[in-house]
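Fit chain B to the known structure of chain A by using the hints.
Spelled out, the chains give:
Protein chains: 2
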Amino acid sequence: MPAKTSISGFPEWLPEERMIEQRLIETIKQQYELFGFAPIETRAVEQKDVLLGKGETSQEIYLLSRLQAREDEPESDMGLHFDLTVPFSRYLLENRGSLSFPFRRYQIQKVWRGERASSGRFREFYQADFDVIAENNLSIHADAEMVQVMHAATTALPIPPVIIRFNNRKVLEGFYQALGIENFEKVLTCVDKLDKIGSDGVMSMLEESDISHEKALKCLDIAKINGSTLSVIQDIQDLGLNSSLLEQGLEEMTYVLRATQHIPGNLVTADLSIARGLNYYTGTVAEGIMQGMEGSGSVCGGGRYDNLASQGNFKFPGVGASIGVTRIMSQMLEHGLLSCSRKTPACVYVALVSEAMRHQSDAVAQALRARGIACEVADTAPKFGKQIKIADKKGIPFVWFPSLEPGQGHSIKDIRNGDQQDVSPTKWMPPEQDRQVRIIKNEKAWEKLGLDSVLKR
Amino acid sequence: MPAKTSISGFPEWLPEERMIEQRLIETIKQQYELFGFAPIETRAVEQKDVLLGKGETSQEIYLLSRLQAREDEPESDMGLHFDLTVPFSRYLLENRGSLSFPFRRYQIQKVWRGERASSGRFREFYQADFDVIAENNLSIHADAEMVQVMHAATTALPIPPVIIRFNNRKVLEGFYQALGIENFEKVLTCVDKLDKIGSDGVMSMLEESDISHEKALKCLDIAKINGSTLSVIQDIQDLGLNSSLLEQGLEEMTYVLRATQHIPGNLVTADLSIARGLNYYTGTVAEGIMQGMEGSGSVCGGGRYDNLASQGNFKFPGVGASIGVTRIMSQMLEHGLLSCSRKTPACVYVALVSEAMRHQSDAVAQALRARGIACEVADTAPKFGKQIKIADKKGIPFVWFPSLEPGQGHSIKDIRNGDQQDVSPTKWMPPEQDRQVRIIKNEKAWEKLGLDSVLKR
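Residue numbers (my numbering), protein chains in the order written: chain A, 1 to 457; chain B, 458 to 914.
None of the hints are false.
These stretches of chain B come out as covered by chain A in the derived footprint (C-beta under 8 Å, 3 or more residues):
no. : stretch
1   : 490 to 501
2   : 556 to 569
3   : 595 to 608
4   : 789 to 802
5   : 827 to 837
6   : 840 to 854
Heads up, simulated BS3-like pairs for lysine-lysine below, C-alpha to C-alpha not over 27 Å straight-line:
no. : chain 1 : residue 1 : chain 2 : residue 2
7   : B       : K843      : A       : K315
8   : B       : K567      : A       : K48
9   : B       : K486      : A       : K427
10  : A       : K393      : B       : K772
11  : B       : K846      : B       : K884
12  : B       : K567      : A       : K29
13  : B       : K884      : B       : K870
14  : A       : K29       : B       : K850
Hints in this document: simulated from the structure, not taken from any laboratory.
Glycine included, each C-beta is placed from N, C-alpha and C at the ideal position.
So that you can see chain A by itself, here it is in the shape it has in the complex (with noise of 0.2 Å):
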């Protein structure tokens, strides 16, 4: 069961939830590293018209005021940051001095979007981010990277297997040009749709915008183009048409198609359905999606953006996507795909004689700390049995009897299956497997989702 939330759109999760996000948030962090990515973090508020000039086409806002503000003050004009990019590119103008480029960074951070609190969207979630950003130019290299980073991040977490699907928005609007459709934004929000209404839908939607019979076909023509392999370009191709940007984007495509052949289990192809909501995207566009539940959303996006960055004649353009991590943790706990092996870090409950015999179980919490042990002491000295519930309540594996008389021993149980043996403070070790709280595959709920096959792996 979730950690209750008493405001919607704030999701809170129990201690032994939290561990689990802290584990995703960890081997995430470790994957971004793996690849050189720098951690930053910037604060949680920029200024409105940063906010405002770039990145999602409807804001939605949180703005910020004091509530002791004198009635002479200007009102605030801040707002909390509704992704990590746009702040990034802030972040990266204002240091630019001390930072080397390509600039690569990461960046694991809580964002907020101020929905309608009846929306059932998060309004509150952990995003992780990684981005490279150069100085004037940055190569194609960069979109291959991307992807590669987003299946290595993905494929290290304990979850379904990530499905990453991308394109070309160079592609897409060279294409419409060569269609001679003027409003392709417009387009690309029908096209975009594709996965949920289906071909009718997408055709209503599109003559409904003005785009005759004749172009709306083609437009679904080449949305409904995917695969893994060189042939989708070929495809394109034979639709017949040709720009100067379509060409440019279909090389870029192919480099992309190329560099990221060697992932195994068509786990990243290009699908010209995608066209990603941020419109500062200008080239690759890419997400992700977990096999199993393709009903619940990406739960990894992101794409190439050469203008959001720019200080007088210099410009930025950058490469980066971004892991949803909230989303997967709600998904993952939806589903009881993962728990914990334990409610706290603590493997030991060191037992209390009484409470004038304290210095002895703290002296054994200070010997097995010593030994990095996570221990508790027990608050009150019940009976013993008391003690082991209390213990069992808590999910701690092992409890600790110090010994009742000088000269006597101590001995530790393992309450999971009764187990007792005499054991010294300064010696002894919990087994392997229960050094560090474990995250568990619930193998019933895999095999619920079909998942079964990948849980054997």
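Showing chain B alone in chain A's frame:
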């Protein structure tokens, strides 16, 4: 040079600084977990009445409003949390049925204070809290443990020794009661300033508050008492005043003094001038300052709060403290005490022979990453000398040169000393000290603060 802050009070760090902050947080987390505290996070926002109900005497709160609020929408009643204790109490009551008591949790998050921009204070900062909350009764043992955890966590950090001073509100209030002083909150405020304004200053402040000269002298007498042994208790009793509250407080103080006797170097002392600003404290209060930087204020603080949370007839007394991560960070950076062994997690910069040979560099990177070695592949392929310069500017210690022709070997260069050797991507390991980013104590800066003896310990 720290990252530039374009909004005052909202500090941001460069990657090499953020890596120090990450290490501080990771170290505190480990220590809290060794004591069996379980992790939670609460949402950044609380309902206004929760924020205003308890806590700071004069809350500096940021309120939220939706940019896109409709006209008929009721005003938002949410604000950003200003500490982690108030949210924790709320969370505890909401999730009471799923938690085991006494509930021990830690929580490391940012908090926000809606201070005026000109105040020079932090408006966003990290706190690392640990607390234990019980149902109805929480033994004095928890107070002693709080001091022990504060000591253990701050000692594990690469910072100057933290001197922890503690007091007990019951001792002070019981003493003032016995003196016949009603308005003891006012007296606490004055006495708390002893460090800053001295005896004369406190005397005038007290007399301005309508405390008679004789009573003010007594208040000053007790405030001047401090020490690490039980003589402190004797000194207080020698002042010849008595009340049942005072006696209860002295008993608690005796317990904490006894339980912390084993901590060496006078790092824990009772100090009757410590009051702490928060009005929810009811017994033990404690704060820590860094040796050699006493003027910079406390870096951790906490205490017992018996009345913060209640539900029906149930009371939930708690004890806990907070380490001010951002305050510590800013002090470390300001005095140049710490630095990072490199500016990025990347240990190896894989050079690029030519764009056509990129697959070769990618393969090297993949082999290194598979063995946990963080690396970055060159973005473009200028001459090797240029690539070495780029790696150097990025602060990456090793540059990898893939074979120029099939059959030829790979080599790696330590660009700090120029050493070059032939290596294999599946076998080479960086020297132990270069595997992870190291935090370095800058000897000269420590010496300058008179902390050289600490460094050598």
